[in-house]
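Protein sequence lines correspond, in order, to chains X and P. Residues 1 to 333 (the working numbering) are what the first sequence spells out, left to right. Residues 1 to 347 (the working numbering) are what the second sequence spells out, left to right.
There could be a bad hint or two in this list.
Stated by the list, open to error - Each pair of labels, with its calculated beta carbon distance range:
#1 LEU126/P / SER129/X: 27 to 35 Å
#2 PRO298/P / PHE325/X: 52 to 60 Å
#3 ILE145/X / SER60/P: 21 to 29 Å
#4 VAL182/P / THR118/X: 54 to 62 Å
#5 GLY41/P / PHE11/X: 51 to 59 Å
#6 PRO282/X / HIS148/P: 45 to 53 Å
#7 LEU265/P / PHE325/X: 48 to 56 Å
#8 HIS148/P / GLY185/X: 51 to 59 Å
#9 ASP326/X / LEU265/P: 44 to 52 Å
#10 LEU178/X / LEU126/P: 57 to 65 Å
#11 GLY200/P / LEU324/X: 42 to 50 Å
#12 THR178/P / ARG242/X: 31 to 39 Å
#13 HIS148/P / VAL7/X: 16 to 24 Å
Since the hints were derived computationally from the structure, they do not count as laboratory data. Values in this document were obtained by computation on a predicted structure and should not be read as measured data. Even glycine gets a Cβ: it sits at the ideal position worked out from N, Cα and C.
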Amino acid sequence: MKLAQYVVQRFIGYLLVLFIGITITFFLPRLMPGDPINNYISQVQARAGQSLSAEATQQLRDSLAELYGLQGDIFTQYRNYLARVVRLDFGPSFTYYPEPVSNILLDAMPWTAGLLITTTLLSWLIGNSIGLIAGYFNKRRWATILEVVGIILYPIPYYILALVVILLLAYWIALFPLSPTFLPGPMTWNKAVSIIYNSFLPALTLILAGFGWNVLAMKALAVATKEDAYVQFARLKGTTDRTRMTNYVFRNAMLPQITALVLSLGFIFNGAIQTEVIFSYPGIGMTMRAAAGAGDYNLLYGAIILTIFSVATAALILDLIYPLFDPRIRLGG
Amino acid sequence: MIRLDNIVATYTTQRGHVNAVDGVTLEIPDSIVMGIAGESGCGKSTLMKVIYGDIGFPLSLSSGMVDYGFVNERGEPVTTENIRREWFRHISYIPQSSMSSLNPVVRIRDQFVDFPATAGRKKEVLAQVRAFVPKLGLPPEAIDAYPHQLSGGMRQRIMVAMATFFQPEVILADEPTTALDVVVQKSILLLLLDLQKEMGNTIMLVSHDMGVHYQITQKMLIMYAAKVVEYADTDDLFQRPLHPYTLMLINSLPTIGDDRARHGLPGSPPSLWEMPQGCRFAPRCPLATALCRKEEPPLLEHERGRFSACHYAASVPELKQTLQAGPRLSEIAHDTAQLTADVERDV
Ligand SMILES: Nc1ncnc2c1ncn2[C@@H]1O[C@H](COP(=O)(O)OP(=O)(O)OP(=O)(O)O)[C@@H](O)[C@H]1O
Ligand SMILES: [Mg+2]
Chain X
1 MKLAQYVVQR FIGYLLVLFI GITITFFLPR LMPGDPINNY ISQVQARAGQ SLSAEATQQL
61 RDSLAELYGL QGDIFTQYRN YLARVVRLDF GPSFTYYPEP VSNILLDAMP WTAGLLITTT
121 LLSWLIGNSI GLIAGYFNKR RWATILEVVG IILYPIPYYI LALVVILLLA YWIALFPLSP
181 TFLPGPMTWN KAVSIIYNSF LPALTLILAG FGWNVLAMKA LAVATKEDAY VQFARLKGTT
241 DRTRMTNYVF RNAMLPQITA LVLSLGFIFN GAIQTEVIFS YPGIGMTMRA AAGAGDYNLL
301 YGAIILTIFS VATAALILDL IYPLFDPRIR LGG
Chain P
1 MIRLDNIVAT YTTQRGHVNA VDGVTLEIPD SIVMGIAGES GCGKSTLMKV IYGDIGFPLS
61 LSSGMVDYGF VNERGEPVTT ENIRREWFRH ISYIPQSSMS SLNPVVRIRD QFVDFPATAG
121 RKKEVLAQVR AFVPKLGLPP EAIDAYPHQL SGGMRQRIMV AMATFFQPEV ILADEPTTAL
181 DVVVQKSILL LLLDLQKEMG NTIMLVSHDM GVHYQITQKM LIMYAAKVVE YADTDDLFQR
241 PLHPYTLMLI NSLPTIGDDR ARHGLPGSPP SLWEMPQGCR FAPRCPLATA LCRKEEPPLL
301 EHERGRFSAC HYAASVPELK QTLQAGPRLS EIAHDTAQLT ADVERDV
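With these hints in hand, go ahead and build the complete structure from the sequences.
Here it is, written out as C-alpha cells:
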C-alpha cells in the first residue's frame with residue numbers, strides 16, 4: 001500500500017513538473033522582444049524584393065498565425081498549445097516544410113538516444129570501476145596511476161578532446177571516418193555494423209569526456225566510504241578485499257553516482273549538440289542547431305519540449321528506482 | 001590459556017614512534033570474563049587490537065607475541081602469526097557501535113554469511129543462523145531486516161549473535177555497549193554472559209564502568225600509560241587493591257544514593273611522548289617516594305595470583321583505610337542475579 005502511495009505521489013509530481021515546464025516554454029518566448037511571424041515575413045520580403053503587396057503580406061501573416069497557433073487572445077493560444085503538446089503535434093517545420101516537427105524529432109531521436117545512452121552507461125561503468133579500485137586501494141602506488149587517468153582527462157575541454165581523437169584516429173591512423181555515413185533503408189546486420197563503426201569516434205570522445213569525472217568522484221567516495229565503521233568491521237570479520245570492495249564500499253559509494261547517472265541520462269538531448277555538430281551526427285543536437293540557425297520556431301519548440309520531457313522522466317525514474325538501491329529511503333514518506 | 005609475552009605495540013606517526021602498549025606480559029585462563037579498565041588513552045583498545053591480531057599500519061608489534069593456546073584446523077598452534085585466519089572462527093570481536101558497524105544497504109542475513117568460514121555453504125549456515133537468533137532474544141525475522149529497521153539494542157544483539165555463532169574460544173568486546181542506554185546495556189551484557197556460560201569462551205571486556213566490571217568479570221586488568229599496573233581476581237582487586245591507581249579508579253565509582261563528593265582522579269596521565277622516569281603513576285600517587293621517581297616498578301606477583309606494579313604494593317590496603325572515601329562495596333551489586341533484577345526493575 002505504501003508502495004502504491006509512493007508511486008502515485010511521484011507520478012503526480014512528475015505531471016506537475018511537466019506542466020510547469022511546458023507552460024514556461026509557452027510564455028517565455030512571448031515575453032521576449034521580436035515576433036517570429038514578422039521575422040519570417042521580413043525574410044520572405046528580403047528574398048522577394050519589395051514586390052510583395054501589403055495585402056499578400058497580410059494574407060501570409062494570417063495563414064502563418066493559423067499554422068503556428070498564434071490566433072486569438074493569449075488564453076486561447078495557451079489552451080490550443082496545451083492540447084497540441086498532449087497530441088505531440090508541434091505543427092510543421094519551417095525549414096523542412098511541410099514535414100511535421102514530430103516526425104523530424106522521431107527520426108533524430110534514436111540516433112541521439114543510441115549514442116548517448118550507450119556512451120553515458122559505458123563511461124559510468126568504466127569510470128566508476130576505475131575510481132572504485134583507485135579509491136579502495138588508495139594506499140598502494142599502482143592505484144595512484146589509475147587515478148591519474150581521471151586527473152588528466154577530467155579538465156580537458158570537450159572540443160580539444162574531440163580534436164585529438166579525430167587527429168589520432170581519423171587523420172594520422174585513418175581507422176575511422178571523419179564524419180559518418182549511414183546507409184539508408186531497413187535495418188540489417190550490415191547496417192547495424194556500419195552504424196557502430198561510423199559512430200565509434202563520437203562515442204569514444206563522449207566516453208573519454210564523461211569518464212574522468214566518474215573516476216574522480218568514485219575515487220573520493222570510495223576513499224571516504226572504506227573508512228566507515230561497517231567496512232572496518234567487515235575487515236575484522238575476515239571478509240575478502242573483493243567482498244568489501246563490492247558489497248560494502250561500492251554498494252554504498254554508488255548511491256550518489258546512481259543519481260548522477262540517471263540525471264545525466266535525462267540530459268542526453270541537451271548534451272548532444274557539441275558532439276553531433278563536430279561529427280555531423282544526425283541526431284537531436286544537429287536538428288536543434290539547424291532549427292536555431294534557421295529560426296525554425298516549431299522545431300525548436302518540439303526539441304525543447306522533448307528535453308523537458310526527458311529530464312522530468314529521468315527524475316521520475318530516479319525516484320522510482322532509488323529505493324531499490326538504498327533501503328533507508330522511506331516509502332510514502 | 002592465552003599467553004602474552006612482553007608485548008610492545010607501536011604506532012608510527014608523523015611525530016615518530018609511540019608505544020601504546022609497552023611491555024605487557026600476561027596469562028589469561030580459559031573460559032573467564034576478564035575486564036580491562038584504565039583511563040582514556042592508556043592503551044586498552046590497542047591491547048585488544050594486538051590480541052585480535054589486527055596489526056597493520058600504523059600499528060606494529062615491536063616485540064612479543066600472543067600464544068592463544070589452541071590449534072588451528074591443521075593442528076598448528078595459533079599465535080599472532082596466523083590468528084588472522086581464525087577471525088570469527090576462534091576469535092571474534094564485538095564492535096563499539098552497532099549502529100554504524102552494519103552495512104546499511106544490505107540485509108543482515110547477507111552480512112551473516114560473508115565470513116570466509118561460510119564460503120560455499122551459505123544456505124546451510126543461514127538455516128543454522130535462523131535457528132540460533134531466537135536464543136539471543138531476537139525475532140527470527142530480524143535477520144531479514146535492514147540495519148535501520150532494528151533498534152540499537154537489537155542491532156547490538158545481532159553483533160553478539162555474529163560474535164558467538166561460530167562458538168569461538170575468545171570474544172573481544174571493546175566498550176560494546178557505550179552507544180546504548182543503560183537498561184539495554186545491562187541486558188546485552190547479561191546476554192553475553194549467558195552465552196559465555198553455555199559455550200565456555202573467554203571474554204575480554206573493555207569498559208570504563210567499574211561497576212560493570214565488578215558485577216560480571218572474574219579477573220581484572222588495570223592499565224595505566226601503556227602498562228599493566230594490576231592484574232588479579234576481581235573480588236580481590238576490588239576488596240583489597242594492591243596498586244594506588246586501582247584504588248583511585250574504584251574510588252571514582254559512582255554509587256547510587258551516595259552524595260559524598262567522589263574522589264575522582266586528580267591530575268591526568270602522562271603523555272606517551274614524555275614518559276616520566278621511574279613509575280609512570282608517581283606524579284599522581286599519594287605514596288610516591290624518591291624511589292618511585294627513579295625506578296620503574298616491574299609487575300610482580302605479590303600474592304598468589306595477584307600482580308601489581310608498585311614498589312609499595314603492601315601499603316596500598318593501609319592507604320585505602322586512610323582514604324575511607326570510597327563507595328561501600330556492599331552497596332554495589334556484585335553478581336549477575338542483582339544485574340538481572342536491575343534489568344527487570346528498569347524494564
Ligand atoms: N591510529 C593511531 N595512530 C597513532 N596513535 C594512536 C592511534 N590509535 C591510538 N593511538 C594512541 O595510542 C594511545 C592508546 O590508544 P588506545 O586507543 O589504545 O587507548 P584506549 O585506552 O582504548 O582509550 P579509550 O578509553 O579512549 O578508548 C593513545 O595515546 C592514542 O593517542
Ligand atoms: Mg579504546
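Comparing the hints with the structure gives:
{"no.": "1", "hint": "LEU126/P / SER129/X: 27 to 35 Å", "result": "holds, 30 Å"}
{"no.": "2", "hint": "PRO298/P / PHE325/X: 52 to 60 Å", "result": "holds, 58 Å"}
{"no.": "3", "hint": "ILE145/X / SER60/P: 21 to 29 Å", "result": "holds, 27 Å"}
{"no.": "4", "hint": "VAL182/P / THR118/X: 54 to 62 Å", "result": "holds, 58 Å"}
{"no.": "5", "hint": "GLY41/P / PHE11/X: 51 to 59 Å", "result": "holds, 56 Å"}
{"no.": "6", "hint": "PRO282/X / HIS148/P: 45 to 53 Å", "result": "holds, 49 Å"}
{"no.": "7", "hint": "LEU265/P / PHE325/X: 48 to 56 Å", "result": "holds, 49 Å"}
{"no.": "8", "hint": "HIS148/P / GLY185/X: 51 to 59 Å", "result": "holds, 56 Å"}
{"no.": "9", "hint": "ASP326/X / LEU265/P: 44 to 52 Å", "result": "holds, 45 Å"}
{"no.": "10", "hint": "LEU178/X / LEU126/P: 57 to 65 Å", "result": "holds, 58 Å"}
{"no.": "11", "hint": "GLY200/P / LEU324/X: 42 to 50 Å", "result": "holds, 44 Å"}
{"no.": "12", "hint": "THR178/P / ARG242/X: 31 to 39 Å", "result": "holds, 32 Å"}
{"no.": "13", "hint": "HIS148/P / VAL7/X: 16 to 24 Å", "result": "holds, 22 Å"}
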